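Please construct the entire structure, taking both the sequences and the accompanying hints into account.
First to last, the sequence lines map onto chains A and B.
Going by full-length UniProt numbering, the first sequence opens with residue 1, and the numbers climb by one from there.
Going by full-length UniProt numbering, the second sequence opens with residue 1, and the numbers climb by one from there.
Keep in mind the hints are simulated off the structure, nothing from the lab.
The reader is advised that the hints may include incorrect statements.
[As the list claims (entries may be wrong)] Derived, one-sided and incomplete: chain B residues facing chain A with beta-carbon distance under 8 Å:
no., residue
1, 69
2, 138
3, 159
4, 161
5, 163
6, 167
7, 170
8, 173
9, 204
10, 218
11, 219
12, 310
13, 362
14, 374
15, 378
16, 379
These numbers were taken from a predicted model, which means no experiment stands behind them.
Built from N, CA and C at the ideal position, the CB exists for glycine as well.
Below are the chains, spelled out letter by letter.
2 protein chains.
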Amino acid sequence: MRRFLINQAKGLVDHSRRQHHHKSPSFLSPQPRPLASSPPALSRFFSSTSEMSASDSTSSLPVTLDSINPKVLKCEYAVRGEIVNIAQKLQEDLKTNKDAYPFDEIIYCNIGNPQSLGQLPIKFFREVLALCDHASLLDESETHGLFSTDSIDRAWRILDHIPGRATGAYSHSQGIKGLRDVIAAGIEARDGFPADPNDIFLTDGASPAVHMMMQLLLSSEKDGILCPIPQYPLYSASIALHGGSLVPYYLDEATGWGLEISDLKKQLEEARSKGISVRALVVINPGNPTGQVLAEENQRDIVNFCKQEGLVLLADEVYQENVYVPDKKFHSFKKVARSLGYGEKDISLVSFQSVSKGYYGECGKRGGYMEVTGFTSDVREQIYKMASVNLCSNISGQILASLVMSPPKPGDDSYDSYMAERDGILSSMAKRAKTLEDALNSLEGVTCNRAEGAMYLFPRINLPQKAIEAAEAEKTAPDAFYCKRLLNATGVVVVPGSGFGQVPGTWHFRCTILPQEDKIPAIVNRLTDFHKSFMDEFRN
Amino acid sequence: MRRFLINQAKGLVDHSRRQHHHKSPSFLSPQPRPLASSPPALSRFFSSTSEMSASDSTSSLPVTLDSINPKVLKCEYAVRGEIVNIAQKLQEDLKTNKDAYPFDEIIYCNIGNPQSLGQLPIKFFREVLALCDHASLLDESETHGLFSTDSIDRAWRILDHIPGRATGAYSHSQGIKGLRDVIAAGIEARDGFPADPNDIFLTDGASPAVHMMMQLLLSSEKDGILCPIPQYPLYSASIALHGGSLVPYYLDEATGWGLEISDLKKQLEEARSKGISVRALVVINPGNPTGQVLAEENQRDIVNFCKQEGLVLLADEVYQENVYVPDKKFHSFKKVARSLGYGEKDISLVSFQSVSKGYYGECGKRGGYMEVTGFTSDVREQIYKMASVNLCSNISGQILASLVMSPPKPGDDSYDSYMAERDGILSSMAKRAKTLEDALNSLEGVTCNRAEGAMYLFPRINLPQKAIEAAEAEKTAPDAFYCKRLLNATGVVVVPGSGFGQVPGTWHFRCTILPQEDKIPAIVNRLTDFHKSFMDEFRN
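Structure (structure tokens):
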């Protein structure tokens with residue numbers, strides 16, 4: 001089946017794009033240019049399927065869909081794609097038209113955005129940010145009544161790292177050195193292996209760091225990046241934008257989304273036989289959307305594979321704090337590599353971390369970093385140069401990244417409340433993950449692997465043939481058809497599996513575990529009722 | 001001379017790159033790939049001239065300069081380039097080796113980074129940021145003793161725009177709607193023409209917005225962007241990274257860096273005759289590095305030119321608050337276009353604004369936006385899609401952008417102190433600009449146009465032939481040679497003119513006006529003494 005996908009690429013891409021393309025009746029925009037090398041399973045990433053208003057055919061404006069960069073047309077990002085646009089329109093309409101809907105609010109389960117669904121920020125982190133933002137507070141006596149002593153202390157220490165305490169200045173393009181020292185120490189404490197602050201590049205969230213590496217590694221469509229299917233679509237979008245080729249490797253749903261080295265090898269060899277120079281392997285651990293936490297042995301196999309094949313290992317580790325099951329543990333790929341005896345000269349490894357996930361959920365602050373090891377100094381200088389073009393990442397995000405990697409310790413004033421907040425959030429996430437997983441597994445024709453980590457469930461829906469035909473009649477992918485029906489019936493927003501990639505002929509959706517606990521019963525009820533009606537309507 | 005540049009491109013690029021290439025004795029890295037189309041005047045943007053350590057020839061690591069994306073090799077960003085690396089090493093050495101140097105500190109005049117040189121942030125802005133960072137402060141009675149009433153009020157209003165007051169959540173990918181409303185109102189108040197919040201895309205500083213537009217407009221080297229020479233090298237770097245061609249138009253030093261439509265036309269036609277599809281015109285107003293403020297009539301000519309030639313007008317307006325001369329005034333290009341009767345359907349216009357400049361200087365906060373008008377809705381959706389891949393810009397930066405476009409008004413609690421801070425900073429900038437301009441003009445063989453706006457002086461140095469030969473012997477560009485000598489003698493860091501582009505055979509450097517007033521006399525003295533010695537050494 002998989003060889004079929006890749007060999008039939010061109011014809012099938014066009015065919016499935018026509019099949020899966022949602023066209024509104026007045027759709028008049030020109031077709032995106034044909035895609036040379038995307039297997040059908042991935043066509044959803046690369047076709048321009050978002051709702052398009054008609055081009056103004058009388059327009060005299062110089063820029064048209066035909067004249068813009070085709071890589072922009074090609075890239076898709078379903079997490080904020082079509083279904084979210086529909087949901088936003090519904091939400092707007094709900095304000096004035098409550099009675100027209102069987103629900104009174106839209107619940108956004110499409111995006112890993114915890115604080116938008118009621119999760120509170122960690123108090124100590126926000127205290128430190130506020131003090132750094134308005135440092136003259138530190139000179140006021142009232143401040144001691146308003147802020148914890150350790151947040152005041154930490155703010156002073158951070159400000160001491162910043163020349164002139166100028167939090168409004170551009171910093172070093174890799175980020176403030178003192179904060180990188182703290183982050184490196186945090187990495188070392190986590191892994192038991194040293195980390196070098198000069199290997200750290202602080203970025204506005206992890207996404208710009210991913211873009212930087214894609215831009216570095218991809219010269220043309222002849223350069224490929226091995227990506228898990230299903231994957232978080234930043235990778236497919238970024239590869240498309242930078243003109244490379246996505247080489248898929250399929251996670252195995254039957255074995256809890258296991259990663260088989262034999263499949264990696266096979267995909268690698270097929271790509272090479274087509275003249276693609278495969279540059280890197282992306283691994284998301286814990287997984288998004290799939291939620292698995294890799295077994296350490298599996299990680300060792302992956303590291304060895306990259307070493308043998310000369311691949312850069314791009315390790316998306318942003319969910320490292322989100323592990324919910326006692327039989328799994330997060331191990332950084334750097335720790336695994338160093339434990340195998342691979343050092344700086346042996347393996348090229350980039351680890352991405354972010355302040356958006358974990359128990360802190362500070363998505364809007366745009367903090368993150370990549371730790372870059374195992375590159376020659378001349379290539380490192382090129383990475384630095386790329387970072388320097390945008391000067392530096394935002395200072396608040398840099399500060400948050402250092403707090404995440406060096407939170408309150410036993411004995412600190414804030415330690416107890418910090419631990420209570422942290423444990424409360426993580427245990428609640430584990431609980432909500434289990435509740436939703438069980439609810440999904442109870443639905444007819446639905447199977448859902450457990451979420452060992454991350455923030456998502458990725459259930460598989462066995463859609464009856466009637467439903468698939470109804471979807472085709474609406475020129476919609478079957479999973480998108482299901483998700484739109486779900487949205488219209490319940491107000492719950494999830495993302496069709498085709499936004500992430502899936503084995504062709506299988507259908508999934510990604511649902512976050514993030515609505516607050518008090519909303520979960522209602523979501524489960526509405527989902528269950530909807531699914532039953534849907535199956536009643538379309539059951540064979 | 002200019003036709004010569006472009007026609008002799010390939011041979012001269014190689015020749016001048018060898019001439020201008022700074023090679024340390026142990027330089028062993030492979031040559032960057034030859035560049036097809038960069039005129040010699042621009043070769044400095046596009047050659048990889050930063051200091052390179054030797055490749056580890058025994059390395060088994062897979063990524064090498066030969067295998068990375070050649071566009072990355074090609075791009076340069078001199079503002080944080082070679083001379084800054086040298087300065088940082090000197091600064092490090094100064095800590096332990098003070099006596100080895102004729103100065104006791106490095107003064108960074110290479111970058112528009114006001115707060116790194118002692119400028120303080122606007123108090124009201126930081127109060128609001130701190131309150132939004134740690135909103136529970138708003139529930140405490142002590143807060144009223146620590147914060148101005150209007151900052152508390154503004155924080156409440158901002159938080160009301162954010163669903164759930166969740167400042168840690170990802171926002172709408174264009175930025176928080178309520179903040180865009182405020183910004184649009186600010187634009188309207190400034191220009192007297194309406195602005196639509198849906199045209200605003202809030203970004204992490206202006207740079208990511210520039211990248212987005214370059215990525216949209218450039219499909220290949222056959223797509224060109226008209227850029228001023230000299231220019232702020234984000235433009236050349238971004239064009240290189242996105243694989244397009246920079247089409248230069250020369251600002252006229254003799255007429256205060258005037259922009260001649262006849263030169264624009266000529267460069268456009270030459271580019272077109274070489275098969276380049278010119279997509280846009282970049283105008284930086286007030287200018288960087290050149291500091292001129294365009295006359296309104298000149299702006300009208302530019303708008304008409306873009307309309308007639310079907311070019312997108314990319315207006316870098318980040319220095320709109322930095323105008324120092326009574327005979328010039330900032331007019332936004334949108335205002336000029338609308339005043340000419342051009343509406344949404346007539347002209348494609350993008351205006352970039354940032355919180356990094358003006359009197360606020362909040363570089364590290366990474367706040368900014370682009371206002372995008374005159375594109376069809378299908379193209380607009382593609383721009384939205386690009387913005388959505390990175391989710392949203394940082395919330396603090398978004399908040400700051402709204403404060404910058406809607407600062408305290410008469411009657412507000414903070415108004416008087418805000419105006420005092422603002423006027424103090426701007427009048428001091430005007431004063432420092434004049435002092436430094438006069439000092440530069442007093443130097444033998446140096447002429448310096450006045451800084452009508454922005455934050456820079458861009459003096460021309462007439463280097464004696466002996467100096468040029470000494471530079472060549474060191475395989476350094478003559479202006480870089482001068483700047484390095486200046487750095488080593490005085491500790492003052494400026495950027496060689498070749499980092500910005502200049503008419504071949506002319507030499508300049510860019511120096512900011514940002515060191516605090518009390519440092520200016522020492523800088524002037526050291527510069528004057530250095531220049532005299534330099535001329536004594538190299539005078540013909």
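Comparing the hints with the structure gives:
{"no.": "1", "hint": "69", "verdict": "holds, 5 Å"}
{"no.": "2", "hint": "138", "verdict": "violated, 11 Å"}
{"no.": "3", "hint": "159", "verdict": "violated, 13 Å"}
{"no.": "4", "hint": "161", "verdict": "violated, 13 Å"}
{"no.": "5", "hint": "163", "verdict": "holds, 7 Å"}
{"no.": "6", "hint": "167", "verdict": "holds, 6 Å"}
{"no.": "7", "hint": "170", "verdict": "holds, 4 Å"}
{"no.": "8", "hint": "173", "verdict": "holds, 6 Å"}
{"no.": "9", "hint": "204", "verdict": "holds, 5 Å"}
{"no.": "10", "hint": "218", "verdict": "holds, 6 Å"}
{"no.": "11", "hint": "219", "verdict": "holds, 5 Å"}
{"no.": "12", "hint": "310", "verdict": "holds, 4 Å"}
{"no.": "13", "hint": "362", "verdict": "holds, 5 Å"}
{"no.": "14", "hint": "374", "verdict": "holds, 6 Å"}
{"no.": "15", "hint": "378", "verdict": "holds, 5 Å"}
{"no.": "16", "hint": "379", "verdict": "holds, 5 Å"}
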